[in-house]
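Below, each chain spelled out in residue letters.
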Amino acid sequence: MILARAVWFLLPVLPLGAAIDFNRDIRPILSDKCYVCHGPDAKSKNVPFRLDSEAAAKADLGGGRRAIVEGDAARSELIRRVTADAPARRMPPVSSGLKLSAGEIATLKQWIAEGARWQKHWAFLPPARPAVPSVKNARWLRNPIDAFVLSRLEQENLRPSPEASRETLIRRVSLDLTGLPPTPAEIDAFLHDRSPDAYEKVVDRLLASPRYGERMAFRWLDNARYADSNGYQYDGERSMWRWRDWVIGAFNRNEPFDQFTLDQIAGDLLPNATLDQKIATGFNRNHRANTEDGIIPEEYAVEYVVDRVETTSAVFLGLTLGCARCHDHKYDPFTQKEFYRLFAYFNNVPESGRAMKYGNSPPLIGAPTPDQQKSLAELDARIASVENFLRRREPRAMPHNLDTIDAYWAPSRQLNFVLDPQSAKAVAGTAKFEPGRAGQAAAFDGKIYFEAPRAAQFDIEDRFTLSAWVCSDGTPDGSILTRMVDDPKGRGFGLHFDHGLVHFNMTYAWADDAIRIETEQPVSSGEWHQIAVTYSGSRTADGVRIYIDGKPQKTKVLLDSLWRPFHNAGANFAQPLRVGGGWGPQRRFRGRIEDARVYSRVLDPEEIAALAAGESIQRIARKPETERSAAERLALRSYYLEKAAPAELRDAFARLAALQDERDKMERAFPTVMIMAEASPPKKTFVLTRGAYDHPAEQVSPGVPAVLPPLPSGAPANRLGFGQWLISPANPLLARVTVNRFWQMYFGTGIVKTVEDFGSQGEWPSHPELLDWLAAEFVRTGWDVKAMQRLIVTSAAYRQSSQASPELVQRDPENRLLARGPRFRLPAEMIRDSALAESGLLAEKIGGPSVKPYQPAGLWKEIAMQDTGEYVQSHGADLHRRSLYTYWRRTVPPPEMVNFDAANRETCVVRETRTNTPLQALNLMNDVTFIEAARFLGQRMMKEGGATDEERLSYGFRIVTARRPGASELAILKSNLAYHRDYFSKHSPDEYLAQGEARADASLDPRELAAYASVASLMMNLDEAVTKP
Amino acid sequence: MNPIEDRKLLLTRRHFFGRASTGIGAAALASLFAREARGAGGLPDFPNFAPTAKRVIYLFQHGAPSQIDLFDYKPKLKDLRGADLPDSIRKGQRLTGMTAYQTQFPTAPSIFEFAQHGQSGAWLSELLPHTARIADEMCIVRSLQTNEINHDPAVTFFQTGFQIAGRPSLGSWVAYGLGSDCEDLPAFVVMVSQGVGGTQALADRQWGSGFLPTKYAGVKFRSGAEPVLYISNPAGYDQTARRRFLDDLARLNEIEAANYQDPEIATRIAQYEMAFKMQSSVPDLTDLSKEPPETFEMYGPDSRKPGTYAANCILARRLAERGVRFVQLFHRGWDAHSNLPKEIRGQCLQTDQPTAALVQDLKQRGLLKDTLIVWGGEFGRTVYSQGTLTETNYGRDHHPRCFTVWLAGGGIKSGLTYGETDDYSYNIVKDPMDVHDLHATILHCLGVDHTRLTYKFQGRHFRLTDVAGNVVKTLLA
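Protein sequences, first through last, are from chains A and B.
According to my numbering, the first sequence holds residues 2 to 1030 in order.
According to my numbering, the second sequence holds residues 40 to 516 in order.
In case anyone wonders, no lab produced these hints; they're calculated from the structure.
Be aware that one or more of the hints could be misleading.
Said to hold, decoys possible - Under the rule of at most 30 Å between Cα atoms (straight-line distance), these lysine-lysine pairs were calculated in the DSSO-like manner:
1) B:K381 <-> A:K862
2) B:K381 <-> A:K46
3) A:K490 <-> B:K344
4) A:K862 <-> B:K469
5) A:K46 <-> B:K495
6) A:K100 <-> A:K46
7) B:K381 <-> A:K100
Stated by the list, open to error - With beta-carbon atoms standing in for the labels, derived distance ranges:
8) A:D86 <-> B:G80: 49 to 57 Å
9) A:K375 <-> B:Y140: 42 to 50 Å
10) B:R133 <-> A:R1000: 55 to 63 Å
11) B:A516 <-> A:S96: 44 to 52 Å
For every residue, glycine included, the Cβ atom is placed at its ideal position computed from N, Cα and C.
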């Protein structure tokens, strides 16, 4: 019977001699081989018999037949069918492509014979904190992890391996906790530290290093499918690095994992949400976004939400809920309706299925970096101090001399244009300026208009204000201020009258790529009105405000789907600002326009009101103070401080204006980040038949799957409630799934190997009690992430030597039993980062926009859209930043990352994979990144390594491997050095040394340097150099 | 692939290695590890039955060529020129956002002449004079249909059987299932060339391995000094030095292998040897200087220019000769939304002659019988004009409801035209064929039952054909 189970592929994982355990031995067979038809989704195949619930599996099938007769395998229909000789009767059917092995059949028989005991799926039961098992060899134990590991080894009659050497240990733990190898000084310090906690001190040093947060972040970016581009067709740039930097910071601050989770799921909905908490929600905006012309946005809006559900469930629950998008889950107890109830949590976002072609798509926020926040605070303090100064020094009552000033006040900051006879030239007629409302008004006859070629050169991301006094002949119609192709549906923007209403549009393509918005109330003809519009650069209708006579208007949004800028695909959008025209010859304005203005900023409502106040300074000043409107007071005060006040006050006021301009400029430079937000009114969610966006069925409300614990009482029916549920102690999955992923980082494989699937198709844990103990411990410590890493890396299990006997390797090739230490190839980013560190070139700056290190020329051009830009390589220190800062373009990812199995960043990836290919060899030998790094390692050997070849080679070898070479290794290195000395005495070293942009020390003999660089390259290509020992 | 078996294999070798760790030449090692070195030995029990094709050359016409102007002859359209597409034909089917707002859908007959060719009498447009010469080799399927209406999802669907990114590409599945017949080249090679018409973006993942291990991903060959990324030694460092480098590297790695019983070390040594072999096999492959002048005459004037579709067709033949399992060319530029006549002329000038030459060349070398050629794009184009229809100009939007793909060689019935569309080339009226059917049929030619080529990921046994796909037996010889 033991043999029976040993046949199937989990051979090393099952403890020898154990009795049948339903969850471990039976469910995987039923799930993998039967549930496609006889599982939770049986109804879709019209299959009445189900094997996913005990009641159904043991029910009377009619005529006394039962699939499972407890204790009697021979009478069980299940066994009869899986052993039937007739192909027509035999299960699984041939057409399924599935087969039961003899071992599996034997296991099923034994299980039924032993009474067919059923269990709820283990992962859905809350983890109890198991007792730490007692073991024979208790001296080996360093912490409770070891007791679980050793207990299993003792069952298997295996012994743990001895502790690894100190050099191995420090290399292993430095790579694991910081992603970088130890320096010779760090190795020496550890070797010379004779204190009993020398190793723990190293661990604490590493956990305190900012490199730790970077190392942890890289894996999290894989999980969160982080990238610097949108994906799909155009794959234009986006900017989510503020989210990436938040992740690094959160790990470095050791944010408790439950908070880390809640912030990312629903940080925006927390009371008094901080900027950081809003940034954290970028997690659910990191999915790909489609900007292809001609897509149906509704279709992709669904895909984004599906991606959020799939990612969230894979990362935080270890579940493959995406399988229930089109039908009930085939293996796990999740219905399609439950999928859409989860979908509802992530559906209520004010977003479009078509993303912005360039840059971030709403909802988004300006996300100043900590440095920028500091500068902003400093600037605000300066502004406040000038304002205070003015407040103290200003006269309490306005001086009387203002009542002689026959002038009007208007804001002057960032004024871009004012219509006058000099500022614009008349087209299709002769300019006629005549006395107007207050000054000179231009007359329009339905043909004439004015052009100012250099004014209002804004695009869709710019902020601006357009304003004018207008008096129209007949029903107000036609253009006021525009910058657009002179056509009724022309590209550009314009403030118009449309049959009496005020109309504003920003248009790339009239039908589907534009914002169009108009007032609810019409404007009268034959009277002067002040018309203004402000636009915040949001690229959405909610960034538009229209004012009539200084009053904000209720508006109707006719279209809100702008996604391409006027300069799309590098187009030169050379339209002038037009006054009275621009909407095609039929829509020229008739009437008078006075004081048409353009500002390169958003005027605030008070300023617009002041523009519309319509009173001269003289008249305002003559009014009793109590009768002046707020707008009039603003105009009067501003005029005074600008023009009439003593020099001291005027200077201060000018200084204030300059500071405010500086603040605007600073704000515009803030990076943005896409975040989650709640739509209002809430969006409805429907079950989508077969998952298709255009086949809505039953409407559903947000909710969690029935098989999992209910929502905490009082949890709101939104993402916040979902987040609270995720982190609640009742959730059996979050802690298990998280510690399992940590485990994978250190041991290469999770305790549950299928880190992405804790459902019934997932693999049985190699150490179930250990998993539950770690999960319970994680929660007990307040989800202390650093403490959990410390616990794992200070265990004796982790500290074992990874040297193994052939017998052990054969018995347990994947090292699931942990009778030896972990040993596997480094992940992609560590391979490059190690080379940079070993060369001394590594730039240690944390965070900031992504950088573009060396990449073979033309990779983008060959396959990407021309108008999304060529790869413009960075220079200087940005060539040598850690790989998590490398610009990740989804459709053309960095080749070194791809060669070394980095996650694809298209969709969520939680499982680490490793292959071993010739392309990796070519990459390490010939990529300029590694050639340049080898040159600098060669230089370090020559300059720092000592006087003799032996010393220098040992030094370099130690930098790369953390140990000194053995005699035979040193002999090979020496011989290789000699070969390359000879080689470069016959070949010029110049070209070889010219690879990359960093220049070596010119005082070194180039031939000698080239020889050392070659040996350095050899060292960096060692299996050991790319392997965690 | 069975990881345990793989490891056992390596372990056995590892033992041998341990005993003979001194004096074993790297070259000997290389052949010893050849199976592992090429990354994939194929699955046990694959092929499932006798294949009719050992390899595939897939000529992907990226951007979607117009079936109406090339293959799907619609004489009745001449009289309907400019008439609005009847609702009875359109049937309210969805359009892309680019023409959904058009108020009129003027019928635009092809301005190109059609004639019948070969014994089979296949209808082909005047744009394809060279293809006309191989008409009797071709199996023209006029009734392909897809679910996707936009480029990226449609190409993803064609390449991976699913419209959302993340699954393995066709070539990766084949490499995974069947491994390689070639020792020193990758099993799946991709080449991209630039067209002259409307060009859309591709993505590396279109030949990626999805959830399969990355060793099954297509390797992109490029024109220029580095046909494969990082294949060239750094300037100033020659292959003699590299040989010495590798010998010393192997010696050092052998010492490590003796210390650790990690089979990955032996694999890595082998992969470095494979890399070294590729450093000569790839330049040897891409060096066309020894091709006789007749080759270039046959493939046309572009063929002397590296990186062109024509040059890539010659490379495809050379890859086929070397036993590479799956070669895929992508030629961009078929997305003719507004100036179709001009653009398609240019595209055909680039592709017609080399395509025909490739088929003929393979045939004269006896390779066509076991090489499956597939030609086609990701969807078709609309019968109605996008933008203004004039005497000499029109554009065509994306059309997923019917389009043409043709196959040749490798067990495919030659001289067959399969499937029919309505008078507007808008709907299929006979023998519709889905993308999954095409995949199933391609795999069938390779001796693979498409329902058996599966990989368990996220608890599910995934396959290229998802839950669909039928082998279209009529197409088989």
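A quick look at each hint next to the structure:
1. B:K381 <-> A:K862: Cα-Cα ~24 Å, so holds.
2. B:K381 <-> A:K46: 51 Å, violated
3. A:K490 <-> B:K344: Violated - the C-alpha atoms of B:K344 and A:K490 are around 45 Å apart, more than 30 Å.
4. A:K862 <-> B:K469: Distance ~41 Å between A:K862 and B:K469 Cα, so the pair is violated.
5. A:K46 <-> B:K495: 21 Å, holds
6. A:K100 <-> A:K46: 20 Å, holds
7. B:K381 <-> A:K100: 56 Å, violated
8. A:D86 <-> B:G80: 49 to 57 Å: 34 Å, violated
9. A:K375 <-> B:Y140: 42 to 50 Å: Hint holds: Cβ distance 49 Å, inside 42 to 50 Å.
10. B:R133 <-> A:R1000: 55 to 63 Å: 59 Å, holds
11. B:A516 <-> A:S96: 44 to 52 Å: 26 Å, violated
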